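K.L.:
Put chain B on the given structure of chain A with help from the hints.
There are 2 protein chains.
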Amino acid sequence: MSIELNDVALGTTVVGAPAPRGSALGADAFKGVFRRHPAGVAVITTVVDGQPVGFTATSVISVSADPPLLAFSVDSASSAWRALASAETLVVNFLSAAQVEVSARFATSGIDRFATTDWFTLPTGEPVLVGSAAWVRGEVLQRTPVGRSFLVSVLARESDVPTDVPSGPLVYHDRSYHGIGDHSVL
Amino acid sequence: MSIELNDVALGTTVVGAPAPRGSALGADAFKGVFRRHPAGVAVITTVVDGQPVGFTATSVISVSADPPLLAFSVDSASSAWRALASAETLVVNFLSAAQVEVSARFATSGIDRFATTDWFTLPTGEPVLVGSAAWVRGEVLQRTPVGRSFLVSVLARESDVPTDVPSGPLVYHDRSYHGIGDHSVL
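One line per chain: the protein sequences are A and B, in this order.
For the first sequence, our numbering assigns the number 1117 to the initial residue and increments by one for each residue that follows.
For the second sequence, our numbering assigns the number 1117 to the initial residue and increments by one for each residue that follows.
For reference, chain A alone in the conformation it holds in the complex:
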C-alpha cells in the first residue's frame, strides 16, 4: 500500500475538510511533540487462522461510554494491520507497571510473542494476557483510513478488572516506561 501525502484525506466521511495545501510538519518535529505526550500502554490481541496474534499500542482511547466505544490507530504497513484487516473481534489488554517486558515483547518482530507470556483463551477465542491491569473484549465496527494508517473503532462487549494485580498502570513517555501511583499524584 503506497499513499502519497496529497492523498491523506482518503476517508469517505470527510465533512468540510480542506484540501491539504502548504507544507506539512516534518516527521522529526512531529515526533518531538509527541515525545512530550505520555500514554498508557496496551497490548491488542486477537486470533487469526487459529493462531494468537498481538501487538503493543499506545494509541488506545475511550470514544464514549454509552455506547461503549474505543478506538486506536494502526499503521497499514505493520504486521498488526495484517491481522486487524480481517479480525472481527479483539481484546485490549491494559498493561500494568509490572509488564514492561510484555510491552517490549509485543513490539518486537520475528519472535513468538506469546511463547514466554502467561495468557489464556476466552470462550470466544481471543487471547488475554495474565497480569494486565484490565482488559476489554469487543467487536470491530469501523476501519477508517487516515493517511497510511487506519483508525479502528471497537464496540466493547465484556471486560474484567482483576483484583490481584498490585501495581498501577504502565505509562510510556519520551522513550521510557513510567509507573504512576501515590508517588506521582500532583
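When chains are identical, the list treats them as one kind, so a pair holds in a single copy or across two.
No farther apart than 25 Å at their CA atoms in a straight line, the calculated lysine to any residue pairs in the SDA-like style are these:
(1) K1147 with D1290
(2) K1147 with R1221
(3) K1147 with A1181
(4) K1147 with S1225
(5) K1147 with T1237
(6) K1147 with D1191
(7) K1147 with D1298
(8) K1147 with S1195
(9) K1147 with D1182
(10) K1147 with S1194
(11) K1147 with T1224
(12) K1147 with S1192
(13) K1147 with A1193
(14) K1147 with T1279
(15) K1147 with T1172
(16) K1147 with Y1288
(17) K1147 with S1219
Source of the hints: derived by calculation from the structure; they are not laboratory data.
Keep in mind that this is a model prediction, so the values were computed, not measured.
P.N.:
Relative to the frame of chain A, chain B by itself:
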C-alpha cells in the same frame, strides 16, 4: 443529534464490520476499565466567529509521523463539537504538570475559559496556551462519526516545544492528576 445503540456503525468507511449483536458492555464497567488507562492531557483550541474556543481532551493520539497526522475523539453533544464541526484548523496544546488548573478550567462549562489563562494568537488566528509543554497546529482532515462521537483527524502544519517549561507532562488517571519524570521511571 440522537443516535440509538443499534446505529453505532454510522460511518461510510465500514469495512467488513459485523452488525452489532448481543449485549454491549455497561457504561459503568466500561468507565471502570478506562480508569485504569492513563492519558496525557491536552487542550484543543481554535477560533470560531473571531472568538477563541478550547476544551480539555485526554484522547489525543499520534496516527503517523509521515504524513504527520494526529486524531482525537469528541462527543457530538458537547460544546466542543459545536466549534469543531466547522473549524478548519486547530491547535493541540499538550499540558505540563504545572497546568492542572488550566486542564480543569477548559473542562468547566459556563465560564470564560480564556479569562485567567495566559495565551497568545498565532498569525493564522488560533490561540496558543502559554506554559504548555508543546503545541502543534494543524488542519482538520476528517470527521468520522463513531456512535454519538466523532474521531477528528488532523494534518500537522507547525509546532513548538518551548524550552522554558521546566515541568514534565500532565497525566490524568483514575480521576487524579499525576506528574511524571525521574521519580516515576521504571
